[in-house]
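Each protein sequence line maps, in turn, to chains G and C. The first sequence maps to residues 1 to 113 in our numbering. The second sequence maps to residues 1001 to 1841 in our numbering.
Keep in mind that a hint or two might mislead.
What the hints assert, rightly or not - Examples of chain C residues toward chain G, derived with CB under 8 Å: (1) 1005; (2) 1017; (3) 1037; (4) 1047; (5) 1743.
In case anyone wonders, no lab produced these hints; they're calculated from the structure. Positions of the beta carbon are idealized from the N, C-alpha and C atoms, including for glycine.
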Amino acid sequence: MQVTVRIVVLFMIVTILTIFVGWWTVPLVGAVWGIVAARETAPVMTAAAASGLAWAALLGWAALRGPIVELSQAVAPILSLPNWGLMGVTVLFPMLLAGSAAMLTNAAKQKRK
Amino acid sequence: MRSARIAIATIVLIATLVAGYWPIGPLPPLGKFLHPREGVWAVAATARLPREARDELPTLAGQVRVLYDDRGVPHIFAGSVADAARALGYVVARDRLFQLELQTRATAGTLAELLGPRLLPADRRMRALGLSWSAERDFGELDPASTAAVVVTAYAEGVNAWIDIMGPEDLPLEYRLLNAQPLRWEPAYTYYLIKRMGYTLTYNPHELRRERVSAVLGAEATEALFPLHSPIQEPIIPVQTGGPKDGTTEGEEPVPATVVATFERRKAGMSGGVEPFDRSTFDPFIVVEERGALGSNNWAVAPSRTEAGYALLAGDPHLELTLPSIWYEVHISVPNELDIYGVTIPGVPGVVIGFNRRVAWSFTNTEADVLDFYDETLDDRDQPTAYVVDGTWRPLTRRIEEFRGPRGNVLAIDTVYYTHRGPLQWEGDRPRSLRWTALDEAGSIAALADAAGAESVGDWMAAMAAYRAPPQNMIVADWTGSIAIRSTGRFPVRPGDGRGTVIRDGTRNDSDWLGFLTVDQLPLAVNPPQGFLASANQEPLHPDSNTIYLGANWPSPWRAMRINQLLRSDSAVTPVDMQRFQLDPGSARADRFVPAFLAAAEHSLSQVTGDDELREAAQLLAQWDRQYTRDNERAILFELAMDELVRLTWDELVLPSEDGESRRLSTPGSAVLADLLDQPLSVWWDDGATEDVVEDRDAILGAALKAGLRHAKEEHGSPEDGGWRWAGIRHTNIHHLLRLPSLSALALPIQGGPGTLNPSSGSGVFGASWRMVVELRPDVSAWTIYPGGQSGNPVSPWYRDRIDKWVSGELDPVLFPAQPAALDPDRVAADLTLRPASGGR
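Chain G extracted, bound-state conformation (with noise of 0.2 Å):
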């Protein structure tokens, strides 16, 4: 598969899940992937794009039903960041979880053998 369909893939399954399930799926899908995508090219890059590209979409979708940047200003400085800095998080967040939960079962599979 290309990158971009992986990443479309992958981006798709976490919007769903993170939706629908929560936000702890994001490292599980992570972790699998690391397994499943383990000979494919940068498969810890791929989940940690894809998992902050669903969030970033998630949050373009919150900017279309609210003033998300009025939020972030109120919000970030209370939590000592940047008046941007709390919509980084938010894409940041998820790119952490799946891609160290990636790194480390693609890790492990590549010992494995």
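Chain C: place on chain G using the hints.
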């Protein structure tokens, strides 16, 4: 290399999972918090109310229509008063759920459960005062069939209906930040809110302050500095036409020489041996100067003095300003029973200040003395079981107070003891019981409910006669042109001299209160010849016409003097005038003190010509128009000079403390200081720091003016450089309930200063929490504003939409439709229909 990658990946995964599942420090669990659909981002999705919504309420008897206008004001059209209360609870919870809970917890003493152990001292303080105990008792004693019980219960049903209906996306931001869920609303919580108002408005234990001052200065000097009656009289109940009157009789000195001599002897005897200020017994709640910022205005003008020939009424209660506001604006309509508009306090099932189609009303705090302390004798200091009265031991009632943290862990357990008078307090090691009308049944819910349907001033006054606490100066006007004001509430009748200025002997039964003033004994004025009535927390009655003790050490009547000055000078008042008066920048206080400063400077300069600093200060002060406008560049000089004047004059009230810093015991009111201006040689003017010189009034005024100039230059630069601009110095700060700066509106430039009708306190957190002008036409007209907005959602367009207008003194004309169809469709922002749930009543 691979091992390093695995190690890093493991650390990152564990760290992100931990941060996702558990709160870390002040951070909520990030997984739930950052979730793009249900997490914090959902707060944006719920910023606007849906254009149309239909919800089912289990206990609703009939359908209720709620139309939100474009200011976010819900117009509730219900078929019964109980259904209206349910709908009110529902819409208030929808907009202000977190505020409802936080206010309740503040009184219940359970803030630590929500906000953590650092709130434990505040919780302990609240429960020691017995507020939650009395709230629960009051609700428990209610007749279930009474009006109060019906509306309070219905309101709770409405709040809980919203809690049940709301989805995860509706959870307010604050709960997300705190990783908490809303508390279900109990009917008794309404009584917590009422107790909270009682605490805010009447917890003024001035006898403790007097006791401390008296220990240093002696009883007579204390009496002179904190007098029974205001030295400048502008009473609420008019006694005659004309200007304010001196409260002292002719020839009487505000501080008698004998008193001063007594003080001087004490002072000499102290010879530096004044007891250090004991911080362990210092009560931070006793800060009279801050209490001075809690004030309010209301006034009414009879048709004979209005341009249109209809009665006018204005009100602006001054309270702590918060986001969201303490007030929530609402219109409630029940055919043939109720058609009322105004503001409610979230948690109270009705309009507190407002109007119907016939009558308008507003309140100011009476500042009455409704609290006494009794020295008690206990059988055991550490484990008391009884206290003595007339030689007989009476059992103490014990209440165990358990304090918990956010995870349910027990933080502390206190035992609060009660005598028949009230909860036992500890002043150092002295046990004192507290007798306080705020702990009695307030009667305010039923009274407000009855008064809501009044058709005339007489009806309204009769209904509010049942109101008990906290005592309020209630002004009312009606469509026939009648105006009236009454200081209403429970005023204790005390034995002996009737005064509540000393700690009473708890071992004697005859120390107890004898009862309360009857309604016909309360200060009252109806349709006075002068054609207007006004109150601003000043002493209600002139001492010459009053022998009843209502309180002591009254707030200085500067605002009252200014209102009356404005009303006397205008015999054709319009609603626009009323609005202008609410933001009037003039100051009776400045009118009194500025001439004194200038005269003192002139006198001093006539004797010592080389004092260039005094000459410059006097020239700059003389340039001031005595207006606290935002662009004014001289008001700051006056304020700094006044600070210095207070410091230099009342130096006797400054004591050394254990930590080496001096602390002020208390500060007499500015009316006492103004009265002292007439005694140029009083020893109070003498500065104790100068041993060889005896200063007189002019010397102190001159020194204060010069010091004020020095401070102004040090802090704000040269007077020509623009740094003295009032708007750049004095601000209003409207903090979010959790004091989160990004959710607050801070450093707002404000017109007004200390003692002006639109006051600006030093901290900037107090101010006009609601402004209302009502014209009692046949079709009543009204204009209102409060600093904030209807929604508690920080990104709602109705969160802080009114602040700019409030700052500039604008008012919004209100919509008061008689039925839903009468509301202009273009101004309907949201339409909510509440229906009985299938299977409901």
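task: Go through the hint on residue 1037 (chain C) and say holds or violated, using the shortest Cβ distance to chain G against 8 Å.
output: Holds. Min distance 6 Å.
- prompt: Do the numbers back the hint for residue 1743 (chain C), that is, is its least Cβ distance to chain G under 8 Å?
  reply: holds, 6 Å
- request: Go through the hint on residue 1005 (chain C) and say holds or violated, using the shortest Cβ distance to chain G against 8 Å.
  value: holds, 6 Å
field: When the least beta-carbon distance from residue 1047 (chain C) to chain G is tested against 8 Å, hint result
entry: Holds: closest Cβ of chain G sits about 5 Å from residue 1047 (chain C), inside 8 Å.
field: Per-residue hint verdict: residue 1017 (chain C), partner chain G, C-beta under 8 Å
entry: It holds, given that the least Cβ distance between residue 1017 (chain C) and chain G is near 7 Å, below 8 Å.
Hint compliance for this structure: every hint is met.
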